[in-house]
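4 protein chains.
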Amino acid sequence: MAGNSIGKEFVVFSFGESHGKYIGVIIDGCPAGLPFSEEDVQPELDRRIPAQLKIVSGRIEKDKVEILSGVFNGFSTGAPIAMIVANKEAISSDYEATKDLPRPGHSDYPAHVKYGGFNDYRGGGRFSGRVTVALVMAGVVAKKLLSTFDVDVLAYTKAIGKVKVDKALSHEEIRKRRYETSVRCPDSACAKAMEEAIVNVKQQGDSLGGVIECLALGVPAGIGEPLFDALDADIAKVLLLVPAVKGVEFGGGFAVAELKGSKNNDVYQMRNGKVITSTNNAGGILGGLSSGMPITVRVAIKPTSSIVKEQRTVNLLKMEDATIKVGGRHDPCVVPKAVPVVESAVAITLADHMIRAGVIPKVLKEQK
Amino acid sequence: MAGNSIGKEFVVFSFGESHGKYIGVIIDGCPAGLPFSEEDVQPELDRRIPAQLKIVSGRIEKDKVEILSGVFNGFSTGAPIAMIVANKEAISSDYEATKDLPRPGHSDYPAHVKYGGFNDYRGGGRFSGRVTVALVMAGVVAKKLLSTFDVDVLAYTKAIGKVKVDKALSHEEIRKRRYETSVRCPDSACAKAMEEAIVNVKQQGDSLGGVIECLALGVPAGIGEPLFDALDADIAKVLLLVPAVKGVEFGGGFAVAELKGSKNNDVYQMRNGKVITSTNNAGGILGGLSSGMPITVRVAIKPTSSIVKEQRTVNLLKMEDATIKVGGRHDPCVVPKAVPVVESAVAITLADHMIRAGVIPKVLKEQK
Amino acid sequence: MAGNSIGKEFVVFSFGESHGKYIGVIIDGCPAGLPFSEEDVQPELDRRIPAQLKIVSGRIEKDKVEILSGVFNGFSTGAPIAMIVANKEAISSDYEATKDLPRPGHSDYPAHVKYGGFNDYRGGGRFSGRVTVALVMAGVVAKKLLSTFDVDVLAYTKAIGKVKVDKALSHEEIRKRRYETSVRCPDSACAKAMEEAIVNVKQQGDSLGGVIECLALGVPAGIGEPLFDALDADIAKVLLLVPAVKGVEFGGGFAVAELKGSKNNDVYQMRNGKVITSTNNAGGILGGLSSGMPITVRVAIKPTSSIVKEQRTVNLLKMEDATIKVGGRHDPCVVPKAVPVVESAVAITLADHMIRAGVIPKVLKEQK
Amino acid sequence: MAGNSIGKEFVVFSFGESHGKYIGVIIDGCPAGLPFSEEDVQPELDRRIPAQLKIVSGRIEKDKVEILSGVFNGFSTGAPIAMIVANKEAISSDYEATKDLPRPGHSDYPAHVKYGGFNDYRGGGRFSGRVTVALVMAGVVAKKLLSTFDVDVLAYTKAIGKVKVDKALSHEEIRKRRYETSVRCPDSACAKAMEEAIVNVKQQGDSLGGVIECLALGVPAGIGEPLFDALDADIAKVLLLVPAVKGVEFGGGFAVAELKGSKNNDVYQMRNGKVITSTNNAGGILGGLSSGMPITVRVAIKPTSSIVKEQRTVNLLKMEDATIKVGGRHDPCVVPKAVPVVESAVAITLADHMIRAGVIPKVLKEQK
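Chains as they are written, first to last, in this note's numbering: chain A, 8 to 375; chain B, 8 to 375; chain C, 8 to 375; chain D, 8 to 375.
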């Protein structure tokens with residue numbers, strides 16, 4: 008079966024390639040009555056371009072969104088919302104010379120095998136990180152919908168290379184300050200060290216990865232499904248399809264494998280008439296359902312595969328060893344750019360599950 | 008939308024509760040012509056019961072499979088294959104006294120909220136680890152199908168608590184020896200230390216978690232889909248729905264977040280006329296597609312939530328603080344039991360994607 | 008993709024073959040809190056056996072339902088409801104002699120091609136009308152759910168061969184009397200003529216078809232989806248998968264192709280503060296959405312393909328012309344037996360769409 | 008669940024409204040390697056505008072297609088193919104005055120209820136016949152794909168009002184001549200009478216319906232699925248979602264309800280080493296699978312709901328009786344315009360099922 012959509016109630020369908028005419032997204036299942044316009048989307052697209060140009064790719068993507076359908080008189084209608092951005096800055100000639108040389112770390116080789124050579128190889132084509140623009144556009148709708156129901160999704164950079172945020176950050180700090188630094192880290196001292204690490208690695212013609220943490224606040228208890236559509240399973244799926252993500256963990260994550268049960272279990276208590284847990288090692292999800300505590304998830308992002316250094320590869324036409332110097336302009340570290348993508352991925356999944364649970368209705372009557 | 012199935016071509020549908028009459032599974036989309044009988048399933052079910060009883064739960068589940076449909080004259084027919092096992096050993100009275108006291112670390116509380124109290128709370132009901140029997144039954148079909156196409160899926164215990172396998176294990180060693188030890192660890196010295204750790208923690212009335220690694224060997228390049236049905240995203244989803252899994256990582260995993268690109272990239276080379284990579288930090292998956300290298304994935308399993316020690320909780324009827332001593336019989340460590348489940352989860356996803364890619368046909372003509 | 012399920016919120020999954028061990032069904036998505044037991048199902052299964060044995064097949068299927076999961080303390084839990092009936096009466100030896108001779112009007116030939124000969128050919132296997140037992144079991148759940156929301160689904164025999172109900176029947180008459188006659192026709196004079204026609208055709212070793220009409224009363228306006236999941240499109244799909252159905256029409260049906268617009272349009276008017284239409288040529292559905300008027304649909308059922316008379320066919324092994332006398336015991340007219348099946352098909356689709364619209368909630372709180 | 012897509016392997020996703028900016032379609036699952044360009048689409052779009060303007064609506068839709076993604080170097084890439092046409096000719100002011108007056112025969116009233124008034128009501132919005140442009144665009148891809156595998160889909164007008172094609176038409180005649188007449192009827196004498204009937208009814212300010220027949224030639228035996236994804240059920244679904252279609256029948260259709268089995272059964276015989284049936288009352292489908300004979304299906308199309316004559320209706324704001332004279336420009340008969348739509352609907356479904364069966368591969372290697 009074709010696989011370019013995700014979700015069951017809030018369905019996100021993506022199309023477009025890195026060097027094609029457009030990147031597009033359709034949201035099928037946005038409730039009617041959500042106030043929505045192109046002005047909601049633009050700021051979020053701009054966040055994919057870190058503020059300080061010295062640390063970014065030379066390719067500046069001035070993405071301008073156009074809504075094609077599904078919005079009327081300033082509100083969603085209940086019909087599919089289609090949005091596109093044009094691919095203006097792509098320089099395809101960068102890729103012609105090396106089209107038979109798969110770039111290490113990219114999907115070039117398996118994509119060539121899968122599609123019998125018919126795939127659009129330019130800039131990774133359908134497999135490019137560029138297509139995350141679709142996720143961001145859908146994420147704007149999801150986040151606006153969630154905020155109507157007092158759910159807030161906040162991602163930020165927790166580590167770049169070996170520079171890590173060690174101290175605890177308040178939700179308020181994350182909410183207010185994550186987009187103030189170019190690296191999307193709310194801790195300014197840390198952010199400065201991260202920037203330096205990126206500048207250094209760029210000078211070496213090399214690249215860095217990192218870790219992004221995402222919190223979802225205000226999600227009521229009982230959202231999700233048992234077993235196959237577990238909320239954490241669905242969130243993990245959407246996060247892992249983001250290019251460069253190599254791991255995902257919830258709450259205590261891999262570290263809980265070393266804890267004893269008596270230490271790891273989050274015990275319940277009453278607070279102000281509500282059931283809460285004293286700790287949150289579960290990351291807000293139990294048995295695939297939200298527990299009412301903050302949902303906490305982290306992803307590992309690999310260092311950018313496109314590096315300036317010459318690398319070994321093979322020539323797929325001649326089936327012999329070869330070398331490649333990857334052309335194009337690339338970020339030495341995609342972590343900052345990935346922050347709004349991670350936020351969108353989590354928001355999309357939560358919107359889907361909250362509509363599935365009937366907590367978000369099909370018509371936002373109270374909006375009118 | 009209802010959420011009790013997974014997959015698009017090899018669809019696995021699960022039903023049943025921990026203390027209901029049966030646990031069942033349906034496989035919709037198994038190609039016609041696969042030799043299959045109840046004798047294929049039984050040994051795998053038996054593997055969910057570790058060999059050495061001293062380290063296991065007192066509840067011995069003698070699961071006996073019955074095939075209800077989809078098999079005729081010893082071959083799959085192309086129609087849905089339904090299988091059930093009866094729940095003989097469940098002692099439901101263990102749960103009556105504590106039905107208003109959600110067990111810490113379990114889904115009791117969010118399930119109560121989600122289903123308005125109508126859910127079967129006995130032993131976790133639909134949310135119990137017991138339902139992974141369905142995955143194991145489906146996994147048998149998937150593994151038999153994959154083996155017809157020379158794909159081998161091998162999981163084993165990599166860590167229990169703080170005891171870890173440090174040395175490299177050959178594929179052969181893993182294949183032959185993983186089910187020889189009660190903890191499903193092919194390294195016998197390590198296995199012994201793991202067993203001791205489990206015995207110790209059981210004596211303390213406490214529990215342990217661990218890490219399972221799974222390899223898929225022989226998967227051809229180009230299996231998977233770009234973006235939304237990325238092979239790693241789909242594998243991650245199925246692994247994370249396994250109860251107690253809190254994290255998943257591929258290849259280098261979280262560690263690659265600290266590497267530079269020049270170190271992390273797996274460069275291509277020709278070997279015996281085939282394209283391979285010198286290293287496999289990607290864990291066999293690039294851009295959501297298999298690269299032809301071994302698929303490598305690890306999951307973090309939390310310590311068993313059901314422990315003998317008294318724990319704080321709340322009374323959902325009276326909405327006040329309370330304490331609970333969790334009844335029932337439980338494993339102090341579910342990691343060994345989860346090994347065939349993880350293997351099944353990966354096998355199911357690979358079978359699904361290999362049929363989707365057309366690499367496994369709808370009729371196994373060559374079988375007859 | 009595998010195709011043995013239908014629906015998006017109220018998902019019906021079917022398994023089993025005519026001469027296998029069981030026919031089974033799973034309902035995934037039944038809201039929690041519906042009172043439900045095996046006693047609800049049994050009477051409906053019994054309706055598949057017409058009251059007067061002289062007009063039916065010699066094969067009496069004493070179907071006894073067993074609920075395997077999803078019901079606890081007399082209520083649906085929100086987990087999948089699995090139900091099975093054993094195939095006790097099947098005599099498979101009837102089919103061995105003719106297994107290479109496809110029966111005219113049956114799926115034997117294309118099924119043989121599709122599954123490369125691995126299909127269970129006994130009694131049509133997976134393609135048998137016997138599998139409609141699954142629809143009937145699911146229909147019981149759907150009808151009980153709908154009745155909670157004051158929706159009533161009523162099917163009855165409108166024609167058998169050339170004997171037709173000509174006069175208008177009140178909803179009350181249909182509701183009360185449709186199961187009083189062996190042919191499931193509420194008009195007793197007509198029913199008598201239909202019975203005679205069936206007895207006559209049976210004596211000739213031949214068979215008859217007919218027309219079933221189904222009404223859905225009480226469906227609120229606005230149920231359905233635009234375009235691809237139009238309510239009428241979804242109802243038509245489920246009706247056409249019922250074996251022997253060759254056509255479906257709504258409201259005025261094929262006859263409106265000859266009307267002018269001014270005659271066919273159903274004009275609106277206010278009645279007791281509600282919007283109604285003066286006529287109902289649309290059959291209660293406009294643009295894929297329910298209009299609030301009764302949904303009216305008719306299906307054409309072909310004469311039973313299994314007849315006693317010798318017929319021409321081919322030998323698939325020898326690839327040469329042959330003749331066949333179809334064995335087994337068969338109804339000379341399946342129309343009466345199909346009445347509860349049609350009712351179930353419509354009820355299942357309405358339950359699905361009413362949950363999708365949010366009109367039926369995920370938890371029937373008011374039930375407890 | 009959201010409902011704006013159809014198909015499982017060849018998935019067609021539609022967006023756009025009658026008076027929005029664009030009508031769009033995405034095809035997810037078109038195999039890689041199909042030669043395809045905008046020039047393939049344009050002629051088919053032009054066929055929605057009947058040749059003789061005197062019989063058509065004043066609104067001339069000069070639809071110009073733009074391909075947004077999924078095509079590279081003249082071939083499909085395997086990625087989603089997105090296409091749009093701009094809505095240039097829509098005059099929305101026609102609809103402002105009557106926005107609270109639901110037009111008889113249209114979805115205005117149920118759509119208003121469903122979406123709480125947020126729906127785009129202009130020209131029917133998402134429910135307009137205009138959105139069938141999406142089906143036609145997808146149909147071009149499907150038909151090109153099918154023709155690669157020697158399958159031909161041919162629809163034509165069989166009746167308009169009471170004027171009907173009575174004589175048998177050869178496949179060749181239908182193929183060559185169906186688009187030669189403005190009414191899309193290959194029988195020129197009949198076509199002339201149909202044209203006159205349309206001109207007459209237009210002068211009366213009224214409208215006409217009709218019947219379209221569609222043949223699919225060359226479909227191999229064994230395509231389809233048992234029960235829930237029966238080929239005829241899926242074809243019926245797609246046909247019934249086409250606005251104005253009120254009934255669908257296969258082969259002998261409703262007439263077989265009056266036949267005896269011995270007359271209706273299509274007996275098998277060998278011809279030139281192939282299995283065929285002597286007659287084709289089944290319309291090429293048995294038990295949900297193609298039989299290898301031509302697939303034959305007919306749809307009933309209601310007379311256009313928008314007529315010039317004043318009609319009764321209600322005012323939804325004041326909830327009182329009212330009258331309406333429907334504005335806008337409309338076809339007195341949509342049957343000719345619907346012919347390529349019906350052809351597309353059948354082609355889309357066949358492409359989907361032939362890919363599902365593995366008969367059409369995921370990569371058209373032979374094309375390159």
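Treat the hints as calculated values from the structure; they're not laboratory data. Given the structure is predicted, the values throughout are model-derived calculations rather than measurements. Be aware that one or more of the hints could be misleading.
[What the hints assert, rightly or not] Just so you have them, the derived chain A footprint on chain D, three or more residues with Cβ under 8 Å:
1. 35-46
2. 140-146
3. 267-277
4. 326-333
[What the hints assert, rightly or not] Think about it this way: if two alpha-carbon atoms lie no more than 30 Å apart in a straight line, the pair counts; the simulated DSSO-like pairs of lysine-lysine are:
5. C:K28 x C:K71
6. B:K267 x A:K174
7. B:K174 x B:K281
8. D:K174 x D:K270
9. D:K267 x D:K69
10. B:K281 x A:K281
11. A:K281 x B:K106
12. B:K174 x A:K69
Built from N, CA and C at the ideal position, the CB exists for glycine as well.
Quick rundown of the hints versus the structure:
With 4 residues having a beta carbon nearer than 8 Å to a beta carbon of chain A, the stretch 35-46 of chain D meets the requirement of three or more and the stated coverage holds. Counting residues of the stretch 140-146 of chain D whose CB lies closer than 8 Å to any CB of chain A gives 0, so the stated coverage by that chain is violated, three being the minimum. Only residues whose C-beta sits within less than 8 Å of a C-beta in chain A count toward coverage, and the stretch 267-277 of chain D has 0 of them, not enough to reach three; the restraint is violated. A count of 0 residues in the stretch 326-333 of chain D with a Cβ less than 8 Å from any Cβ of chain A is obtained; the coverage claim is therefore unmet, three being the minimum.
For the proposed pair K28 of chain C and K71 of chain C, the alpha carbon gap of about 13 Å is at most 30 Å, so the pair holds. Note on K267 of chain B and K174 of chain A: the hinted pairing holds, with a Cα-Cα distance of about 25 Å set against a maximum of 30 Å. The straight-line distance between the Cα atoms of K174 of chain B and K281 of chain B is roughly 28 Å, inside the 30 Å bound, and the hint therefore holds. Between K174 of chain D and K270 of chain D, the direct Cα distance comes to roughly 21 Å. Compliance with the 30 Å bound is thereby established for this hinted pair.
For the suggested pair K267 of chain D and K69 of chain D, the alpha carbons sit about 50 Å apart, so the restraint of at most 30 Å is broken. Taking the CA atoms of K281 of chain B and K281 of chain A, the gap is about 61 Å. The hint is violated against a cut of 30 Å. A distance of roughly 19 Å separates the Cα atoms of K281 of chain A and K106 of chain B; the hinted pair therefore holds under the 30 Å criterion. About 50 Å separates the Cα atoms of K174 of chain B and K69 of chain A, which puts this hinted pair outside 30 Å; it is violated.
Violated hints for the displayed structure, listed by number in ascending order: 2, 3, 4, 9, 10 and 12.
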